[in-house]
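Trainee: Just so you know, the protein sequences line up as chains Z and G, in that order.
Numbering (the working numbering) for the first sequence: 43 to 392.
Numbering (the working numbering) for the second sequence: 2 to 205.
Because the hints were derived from the structure by calculation, they are not lab data.
Don't be surprised by glycine CBs; every beta carbon is placed ideally from N, CA and C.
Be careful, since some hints might not be right.
[Said to hold, decoys possible] Here are the in silico distance ranges between beta carbons for each label pair:
| hint | chain 1 | residue 1 | chain 2 | residue 2 | range |
| --- | --- | --- | --- | --- | --- |
| 1 | Z | Phe-244 | G | Val-177 | 46 to 52 Å |
| 2 | G | Gly-204 | Z | Arg-362 | 27 to 33 Å |
| 3 | Z | Pro-262 | G | Tyr-92 | 27 to 33 Å |
[To be verified] Capping the alpha-carbon separation at 30 Å, the derived lysine-lysine pairs in BS3-like fashion look like this:
| hint | chain 1 | residue 1 | chain 2 | residue 2 |
| --- | --- | --- | --- | --- |
| 4 | Z | Lys-188 | Z | Lys-118 |
| 5 | Z | Lys-114 | Z | Lys-188 |
| 6 | Z | Lys-366 | G | Lys-176 |
| 7 | G | Lys-176 | Z | Lys-188 |
The residues making up each chain are set out below.
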Amino acid sequence: MFEMIESVFNWIQSQYLIWTVLKIVVIVLPLITAVAFYTYFERKVIGSMQIRVGPNRVGPLGLIQPFADVFKLLLKEIVLPTNANRFLFVTAPVIALAPAFAAWAVVPFNDFLVLADVDAGLLYVLALTSLGVYGIIIAGWASNSKYAFLGAMRAAAQAVSYEIAMGFALVGVLILAGSMNLREIVLAQQGGIFDWYWLPLFPLFVIYMISGLAETNRAPFDMAEGESEIVAGFHVEYSGAAFAVFFLAEYANMILISGLTAIMFAGGWLSPFEGWPVIGDTFLGQGSIIWFLAKTVIFMFMFLWYRATWPRYRYDQIMRLGWKVLIPITLVWVMLSALMTVLGIVVKGS
Amino acid sequence: MIVQELIFYAFSLVMVFAAVAVITVRNPVYAVLFLVLAFFSAAAIWMLLEAEFLAIILVVVYVGAVMVLFLFVVMMLDINLVPLKEGFIRYLPVAAIVAVAMAIELLMVLWSRGRFGVDMFPVPPPHSADYSNTRELGELLYSNYLLPFEVAGVVLLVAIIAAVALTLRTRPGIKVQNPSVQVRTRRDASVRLVKMKSEKPRGA
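If we strip away everything but chain G, and leave its shape as in the complex, we get (with noise of 0.2 Å):
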């Protein structure tokens, strides 16, 4: 038990820090790496809670794809700092009221359910060794969540096409490649083999 509690509190030592240094480093490309590491902090603690599945998919989808897009993007962007700290005090009170209000709203969410404290929030019960949380997560979704699953799946598909359609455009005038009848192509269409007599050599 101890142990679990000692690694609890060194991920989220690195997780709090992690998140602070984001929005605090001056370097972009820092910043995008400190989320990687609050996101993979994340994971590790979601993994103490025996959520082994979505602790997984957190490092796959957002550590291992998204996250080296963004790399990807703030990498190439050549930012210069001092323009984007400028506006700090004029935004300051639109910002502290933003922040009031989601802080409100959160402790709104833990007021419903009672006060603080741990026994509020009894340990729950460990699972068996053959308890497997994909199965479970997996059964839930294609059964009594198969609708919102469905409507899910068609929304995010809604954005791919958007995404494409937005950003596709057909200039005229450009000279495209066309893969299949590359390969298709044959040597007589591009090489002429002529037979002739051997020269002699001059002089000779």
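Bound conformation, chain Z alone (with noise of 0.2 Å):
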């Protein structure tokens, strides 16, 4: 019995093709799993921030919750506006989730467990980050609607400007690293919660949060919909399934920033007690899969968190941010981190 699940096994690894899907089924499927499990969470983290109760009537403890969610959506009807552009209309969602599922390609979730171990890791990254934003403008084009045109508008140009911000805190963890390969950056950053790379570059590290948030269109940065001034901005056309993906887009990449948070700034799958006296010694020293997605579950909770706290910015405020102050912060900053390179400040992977 077991040398049959093993030939089968090993008949499967041979063959490359097969092999990859399984991995990108055994990565994809958790994803869309946590995505619905997200909106739970977010409810009930605002509602008890809020003092509420939140959801708590699909389930136990309303945990069926986004199940139910899920389904409405699914079998409610596909508005299509008139003189809306079809082709593009129903594309639009799909252009908003691939690159956000697209991305986990390279997210090494431990020393082995990585889809593609590429060079050019963080440089991937960066590029299908880049792209989430034509879905969006898309969108708001091909709804012919005013409201989600502005809405597009408002969202190209705010990806536009803090994509900026966001590839140059980037190039001060390439700078530390010396290194594009996401799971190098990691391993640069060993030995303990001070070796890692938010200590250094504390400012690009909150720069990056900050413009994490405005990529992925969240509260406080979250124009695009903007619901007390364009109604629900680029998707006020959307109903139903194609509504379902979208939002789909949005909370896959809030998962993935924080993702790539943790691994940029946080050691990814290191353990915060690597080194320690007597901690360090047992298993809650060791590195693994668990701290990776323990620190990604706690910037996930800061997205909500700042949702809870802040109130919506105002558009030209946004853009000033952006330009005036993070960018300058982000380029002084490089240099710095170039120099403690140079200097021996900072030395990758002690």
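Reconstruct the complex from the two isolated chains, following the hints.
Mentor: Given below as structure tokens:
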């Protein structure tokens, strides 16, 4: 019995294509489930921050709520606005979703669990996060609606501006780690919580999280939706399954940014207690996928925390913050991180 | 090898189709989207050439930033297609001359390296797994080509300043917000708390 399973297993491993597809499924399925429960988590967290209960009717503690939402959305009619561009209207959500999932290809879950261990991983991530905005722009234009179009314009300007700050924040990481391979970036941060890059690159760490908020169009930077001004922004005309896909893309992007923050600035799968006396010798001192997931969840929680805490920015202030505050700070800190490397203040892998 | 060739032909076909569509489709927004598709396919083909840095930078810079702004502008324009197509016959001879000149230039470059054929362009040896395209490019740019690189940087800076200077105009009589003053504002500047005795309701 065991031999048969083993031989089947070996055969699958020898078939490169099938093996890769299996790996993709193993990454994507938990991701979609995580998105479903992230919406539940969001409603519970924001509920308790606003002294409410949150969803508690469907299933124990309301845990089945996300599935109820999904089925409701899937069974609803997709309304096509008059004179909308049918083809682009339907493709836009898919264009928004694809990069959010594709970027996970280079994310290392631990030292060996990674779909594609490529050298230009950081660049690949930057390229894919910059593609997500197409879904929003095309949705806004194809809807043939002025609110949707206004939302799309805002999203486009915002994404292009904050991409620069985000890119520069990652350049700092790149200089310290000396590699664009995400696995090597994590390995360069070895040595406990004070060796991770959030400490030497603290301003870049903060700026990366702020730009991440702006890139994913989340509060307080959710100008693309801005329901108090432009109804629901770019997806105002979307309903049913098409809306669900936009929703999926937004939350998948938030999880992705959280995971990337964990990798770039918080040591990925490495343990914070590495090399500490007593606790460093137990299993807590070992790097594992659990640490990576825990860090990702912490950053995911922060996304919700921001939303419950801050009111929406005014649009001109968003632009001012991006161009006149964040980008100059990143420029200075990139130079400083180069100095830190040259002077040997931050030595990689120590 | 056969897989690589299949990928190459697939992306080449898509690219040629997209490039033709850019100039033939009637809707300018479609034209921009086809241009994006062409860039993307070109990036994929560069990837096959093991030029992963250039390929991804093409996507980051052109697809991710330049084309977004392009789309931004084209969507806002109210383009009437009829007057655009009016002078087609009149400009055809000039366009034909320019096209022929460009074709001849391309051919001359190819000719100077010998005739066409696979044997004229041997397959470059594949690089080892630890070969880093990015590192190689960086080392060349910051050593051999440092001066041209710096000059290009200065030229771009001049272009940025020129663009800002051309569009920046100060109009008199416009109220502008000063965010740093707004942030520094104190409660006392706008709110005055008045202490007063509580009034008795009338008739009590």
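Trainee: Each hint should be assessed against the structure and marked as holding or not.
Mentor: Now the hints, each set against the structure:
1. Phe-244(Z) - Val-177(G): 46 to 52 Å: violated (33 Å)
2. Gly-204(G) - Arg-362(Z): 27 to 33 Å: violated (56 Å)
3. Pro-262(Z) - Tyr-92(G): 27 to 33 Å: violated (51 Å)
4. Lys-188(Z) - Lys-118(Z): holds (24 Å)
5. Lys-114(Z) - Lys-188(Z): Cα-Cα ~27 Å, so holds.
6. Lys-366(Z) - Lys-176(G): Roughly 20 Å between the alpha carbons, so the hint for Lys-366(Z) and Lys-176(G) holds.
7. Lys-176(G) - Lys-188(Z): Roughly 28 Å between the alpha carbons, so the hint for Lys-176(G) and Lys-188(Z) holds.
Violated hints for the displayed structure, listed by number in ascending order: 1, 2 and 3.
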